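Novice: As a plain string of letters, each chain reads:
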Amino acid sequence: MVPCTFLLLPFFAISATAMDGGPELRTLPQGVAYCQELAGRLAPLPGAAREPARSLAAEGSALCRDGHVRTGVAKLRRALRAAQGR
Amino acid sequence: MRILLVEDDAEVGRFVKKGLQEAGHTVEHVANGREGLFMAASENFDLLVLDRMLPGGIDGVRLVETLRGQGNHTPVLFLSALAGVDDRVKGLKAGGDDYLVKPFAFAELLARVEALGRRPAVDAPATRLRIADLELDLLSRTVSRAGKRIDVQPREFRLLEHLMRHAGQVVTRTMLLEKVWDYHFDPQTNVIDVHVSRLRQKLDKGFDRPLIHTVRNAGYMIRAEP
Amino acid sequence: MPPLAMHRRSRQHPGPLWRLLSSAGFRFALLFATLFLLAGLAFTGVLWWGTAGALDRQIDAAIRADAVALAERWRDAGDAAVSDAIGERLALDAEDQTVYLLTAPDGQRLAGNLEQLPDGFRPDVQWYGIALERDGISGEARLFVLRLSDGSSLAVGRDIGEKVRLRALLTEGLAWSAGVAIFFAFAGAWLLRRALEARLAPAAATAALIAGGDLSPRVPLSGHEDEFDRLGQSMNTMLDRIAHLMEGVRGVSDAIAHDLRTPIARARSRLEEALDAADDPAALKGALERGIADLDNVTRVFQAVLRIAEVEAGARRAAFAPLDLVPLLVDAADLYGATAEEKGQALHTAWPATLPLTGDRDLLLQAVANLLDNAVKFTPPGGAISLEASWQEDAVLVRVSDEGPGLSQEDRSRVGERFFRADMARATPGSGLGLSLVRAVVQLHGGTLWFEDGQPDEGGDRPGLAVCLRLPAA
Chain A
0 MVPCTFLLLP FFAISATAMD GGPELRTLPQ GVAYCQELAG RLAPLPGAAR
50 EPARSLAAEG SALCRDGHVR TGVAKLRRAL RAAQGR
Chain B
0 MRILLVEDDA EVGRFVKKGL QEAGHTVEHV ANGREGLFMA ASENFDLLVL
50 DRMLPGGIDG VRLVETLRGQ GNHTPVLFLS ALAGVDDRVK GLKAGGDDYL
100 VKPFAFAELL ARVEALGRRP AVDAPATRLR IADLELDLLS RTVSRAGKRI
150 DVQPREFRLL EHLMRHAGQV VTRTMLLEKV WDYHFDPQTN VIDVHVSRLR
200 QKLDKGFDRP LIHTVRNAGY MIRAEP
Chain C
0 MPPLAMHRRS RQHPGPLWRL LSSAGFRFAL LFATLFLLAG LAFTGVLWWG
50 TAGALDRQID AAIRADAVAL AERWRDAGDA AVSDAIGERL ALDAEDQTVY
100 LLTAPDGQRL AGNLEQLPDG FRPDVQWYGI ALERDGISGE ARLFVLRLSD
150 GSSLAVGRDI GEKVRLRALL TEGLAWSAGV AIFFAFAGAW LLRRALEARL
200 APAAATAALI AGGDLSPRVP LSGHEDEFDR LGQSMNTMLD RIAHLMEGVR
250 GVSDAIAHDL RTPIARARSR LEEALDAADD PAALKGALER GIADLDNVTR
300 VFQAVLRIAE VEAGARRAAF APLDLVPLLV DAADLYGATA EEKGQALHTA
350 WPATLPLTGD RDLLLQAVAN LLDNAVKFTP PGGAISLEAS WQEDAVLVRV
400 SDEGPGLSQE DRSRVGERFF RADMARATPG SGLGLSLVRA VVQLHGGTLW
450 FEDGQPDEGG DRPGLAVCLR LPAA
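So the sequence lines, in the order shown, correspond to chains A, B and C.
With numbering that gives the first Met the number 0 applied, the first sequence covers 0 to 85.
With numbering that gives the first Met the number 0 applied, the second sequence covers 0 to 225.
With numbering that gives the first Met the number 0 applied, the third sequence covers 0 to 473.
It should be emphasised that the hints constitute simulated quantities derived from the structure, not laboratory data.
Predicted, not measured: the structure shown is a model, and the values here were computed from it.
Some clues are possibly wrong.
Simulated pairs of lysine-lysine, DSS-like, Cα-Cα distance not exceeding 25 Å [claimed, not checked]:
hint, chain 1, residue 1, chain 2, residue 2
1, C, K284, B, K101
2, B, K17, C, K284
3, B, K204, C, K342
Here are some of the chain A residues that sit facing chain C, going by a computed Cβ distance under 8 Å [said to hold, decoys possible]:
hint, residue
4, E23
5, L24
6, R25
7, T26
8, L27
9, P28
10, Q29
11, V31
12, L37
13, R40
14, R69
15, A73
16, R76
17, R77
18, R80
Yeah, the Cβ is synthetic: ideal placement off N, Cα and C, and Gly gets one too.
Produce the complete structure using the sequences and hints provided.
Specialist: Next up, the structure:
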């Protein structure tokens, strides 16, 4: 089935060129400091004391403290959105 | 007549040569096409009798084509074992004047040889043919004997004309079929005989001297003397 | 490739795989698989452009709108406001898909979550596709870099993981379908080859039997009236023709055995007898003459047999020419009318003014002559014979009828077989080849021959026979 293989080649080629994006760029590492910054942004908001923002924020802060910064940040951001009513 | 016979079969050649000599002709016999062509081209003959299939690289058809190419118009009679229509047509197209299929009756061969050898002169067209007291007018298409008019049908007229043009020669039934009716076919029974005997009755009725004679085992002949 | 080389190659690879690969069914299946794949490729291309392309355009539009909004804020309120807005946006990005970067004119990072501008950054190029690592996880992103009026740079970007996933999905789908297509190509090839073999097997078996020397088998037809049936039918027609020709050849040898032996034997015994009578010249001459007549008869039969063979082989079509049948009929009636008259028979004729036809003049006359000859032979004295011809649609109909003994239905089907002579005809002279030749001539002209009852005489004990020929005009 040589011809079929030939037919598939362009697809592999497309995938290969798309992956080839040169040296990688990096985002800044999200540290515990960022967790505290987010918590700081949440605190003054009027909706912060309401559910589900309150529990999401608590969960996020706890995760940050335990070292699961990435998940913690995600929780805190969701808490922010909830508090803003979005 | 001086005749050249080109025939590779020794027995047939000997038989034909003997028969033609007995009929009063001079015959030269050669057994292959090369010699035949040489003889025909270098000497004068009144007639060539050729076998179609000959050894020596030159067959009968080639021989005739070569002769005709040289402007030699000696009449040619083909003898052949090839009886197909195409073979006959090919032989006649090459320049042959007549075509006889083997095996043949010698009388048939002789009749055809004499017909070819003494063909009526083309440049002096006759308007009247006469045998003894029988007269044929080609212009008015009438027949009379001893001044008395005889009624004949058109076909009978043509039959009589052919016989009279070859007066004193044997004309075979096949020749009549070919020349008068213009067909090459096997009539199964001798239909020609009936036509000839009818004509004979019309011509000879009331006269004690018959003009159309039957030649045993050969055909018919019209002649003045009995 | 020359057939011989192909043959040798297949000899070298007698394995089942080679047999599959070299079969026509496999090649057909391969052709179809290729077509399917090409169609699939075209379909996927359209799908890709419609989905991934739309996604791209959507993302680009969102990025551009975001960047333009931030640039406006920068113009209105400066670096600090933009930094604030970026912080706000990042804080709300629960899915962690956005990238921002604001740098001062000296390249110093002011705000955002991206470490630096792309390596190949040029002020005049706005769009970049970048490989992005987020907390150690690699992905791809699209980045829009805006040069602000004081030389600062604002970069806004989004992850395009969705698009990557879609591409992977499509690629995977296509790979699978290609695999399946390949599988079906092979399976289809195998099935098609089996089906072809099964349909061709009867023809091949018949051909093998015939190659083995038995001409009687014919290709069985499935009744589907498809290509294979048509192939089988033409094979059968061809075989019938070959069998007919073989029969003709056999007929010639039968003829030589049957009808030539008799006159040859007769001639031989006459000549032998003549040896004993050698001292009586008259008897000797008579015996020799009869011997020659017998030999002439042999020649005539021989000639007729060869003529029939020649006509049946179709070799005489070369002599075909347009002709009018009427003068030919006039000649035939003229030739045989005299003979009939001699026998006290009346020959009635009837035909239109002209009957144009394409054919062989000598053969047509021979056919009519043979029929008339038979009619004259079998009609008793005082009887009537008729020769009629008419125009019927696009064919000429010739009818020769007599008042002879007729032919039984059984004999009618056998007449035309070479040397067949009805019992009643045995006493009359003839070779038994006349009607064979007529039939061969009629067939050569694409016509048909059949028999009808003739005109019975008053007594009614002679049913008579009419032979009809239908000769198509073209």
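Novice: Now tell me, hint by hint, if it's right for this structure.
Specialist: Each hint, compared with the structure:
1. C:K284 / B:K101: 23 Å, holds
2. B:K17 / C:K284: Status holds; Cα separation ~19 Å.
3. B:K204 / C:K342: 21 Å, holds
4. E23: At 4 Å from the nearest chain C Cβ, E23 (chain A) passes the 8 Å test, so the hint holds.
5. L24: This interface hint holds because 5 Å falls under the 8 Å limit.
6. R25: 5 Å, holds
7. T26: Holds, about 5 Å.
8. L27: 5 Å, holds
9. P28: 7 Å, holds
10. Q29: 7 Å, holds
11. V31: With a minimum Cβ separation of about 14 Å from chain C (threshold 8 Å), the hint on V31 (chain A) is violated.
12. L37: 6 Å, holds
13. R40: 5 Å, holds
14. R69: 5 Å, holds
15. A73: It holds, given that the least Cβ distance between A73 (chain A) and chain C is near 6 Å, below 8 Å.
16. R76: 4 Å, holds
17. R77: 5 Å, holds
18. R80: 5 Å, holds
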